[in-house]
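Student: Let the hints inform the model, and build the full structure from the sequences given.
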Amino acid sequence: MADSDGEFVADNLSDDDYGDHQVTRGGDDGGAHGSRRGRDGRRRQNRREEAAWETVKRSWEQVGEGEDGRLTVTDFIEAEKRRRLLRDTTPLQRGIIRHLLLVLDMSFAMAAKDYLPNMYRVVMNYSIEFVREYFEQNPISQLGIVGMKDGIAVRISDMSGNPAEHIAKLRQWVDIEPQGNPSLQNALEMCRGALFHAPSHGTREVLIIYGALLSSDPGDIHDTIASLISDRIRVSIVGLAAQVAICSEICSKTNAGDETCYAVAKHDAHCRELMLNVTTPPVTRTREMNNASLLMMGFPSRSIDPKGTSVCACHNKPFREGYACTRCRTKVCRLPAECPACGLTLILSTHLARSYHHLFPLRNWVEVPWSKARSKTCFACLSPFPERRGKGSAVPPSGTIKIKIKGRDGVTGAKDPADDQAPAAPPSKGVSESGRYACQVCGNHFCIDCDVYAHEVVHNCPGCQSDTRAAQAAAGQMDVDGSANGNTQANGDMIVDS
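Under UniProt numbering, the first residue of the sequence shown is numbered 1, with each subsequent residue one higher.
It should be emphasised that the hints constitute simulated quantities derived from the structure, not laboratory data.
Computed from a prediction, not measured in an experiment: that's the story for all the values here.
Among the clues, some could well be false.
What the hints assert, rightly or not - Lysine-lysine pairs mimicking BS3-like chemistry, simulated, CA-CA at most 27 Å apart: (1) Lys307 x Lys317; (2) Lys169 x Lys317; (3) Lys169 x Lys113.
Tutor: This is how it looks when you write it as structure tokens:
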């Protein structure tokens, strides 16, 4: 019996029968129009680009299985660590005495919940972490913080080298709700005024954390950009929402055409990474290179007042301990600092040493293949390295012999149970298959944790620092000649006096 209702479909139809059960309206013309609509729909579907969610990396499908049967993500963790470490280590001239202003967006756009609980609180927490890392990497530099809200620029903290003061000021603004519109022009003009008296031997930089898509400016911002270029002020921007044309123009013109100084964060972890990348001093441009000049600094020692407490000249607070200026004997409570009386820069030798690694960075360690994996433990922490499974054996560890199966050609054979397992994930870039990483100078092998610690914290190779080849060579020379014949260096090279 023919269908009396054009929209009636029997309940007992299968999925294949449902595709064949098509009801047309209006005879042949309806069928022609229906076929054309079907062809047009297929063409549009073929031309459709992939959506963002279709290109996501399915990391959960590449998780391997450990020896104990549990899921492991060790390779992905190591790949992420190595990605942060693999950077250009070419020695370049950099400005290690920096003057940086951190500009934070406190407008209504920061109340969005793209980052939980909202972008404002996430950025404030990352800013506190940025201040700590900035002074850890640049102990003899200066920092100031500016905010943008209600169409004006707000001074959060003045330019100083004390990270505790900046962190205390930031924590006072955490509970304040963001409101109003941001103004890039007002913020940049305030930064120009704060950096106007910065000495010529230091850098002048501005880092803007921008979450809005607009800027409420009182005048022409291009005039401000021209002033920034004439004052040699570099501007870097980290966007949180989308790319803004004026932000790209500001960064490109103030950095001699370098467009890498403007980036948009993909997520909160990427935002933190972009902010911490600014802790590395920028490369000195050719046109900014001046003749080498000497900068006078003082290296005071910590002393205790025998009479009790005394007032420091920097904060006007009583302290028992302090540092006396080597020129005028004025007391300051902490270093690095600038003497309030004579203006002499006061630092410790450790501060200068911590800034020195930016000029001569530690070279990247290379991956060690199984053919060269001779070491059993890490040279630094003595943690055991993983051993190679089934090395030199034609029989798999499971004890079964693999027989090639041709599938449907009629040839049968024993099938290895390992063939039923999911294919192994491709090796990640920069991750060693043996879990060993070798220094290119001393040749010692280290684990991934020591690799991260050496490149991000101590900035020295434990193997090179403990190398005794030069001392042994000098001792052997003394045994032969009866006296030493030269000076030795810690890197293993021996300089012989002629």
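Student: Can you confirm whether the C-alpha distance between Lys169 and Lys317 stays at or below 27 Å?
Tutor: This hinted pair holds, its Cα atoms lying about 18 Å apart.
Student: Regarding the pair Lys307 and Lys317, is the alpha-carbon distance no greater than 27 Å?
Tutor: holds (16 Å)
Student: Please work out if Lys169 and Lys113 have their alpha carbons no farther apart than 27 Å.
Tutor: Holds. Lys169 to Lys113 sits at ~24 Å (cutoff 27 Å).
Violation of the numbered hints given earlier is absent; every hint is satisfied by the structure.
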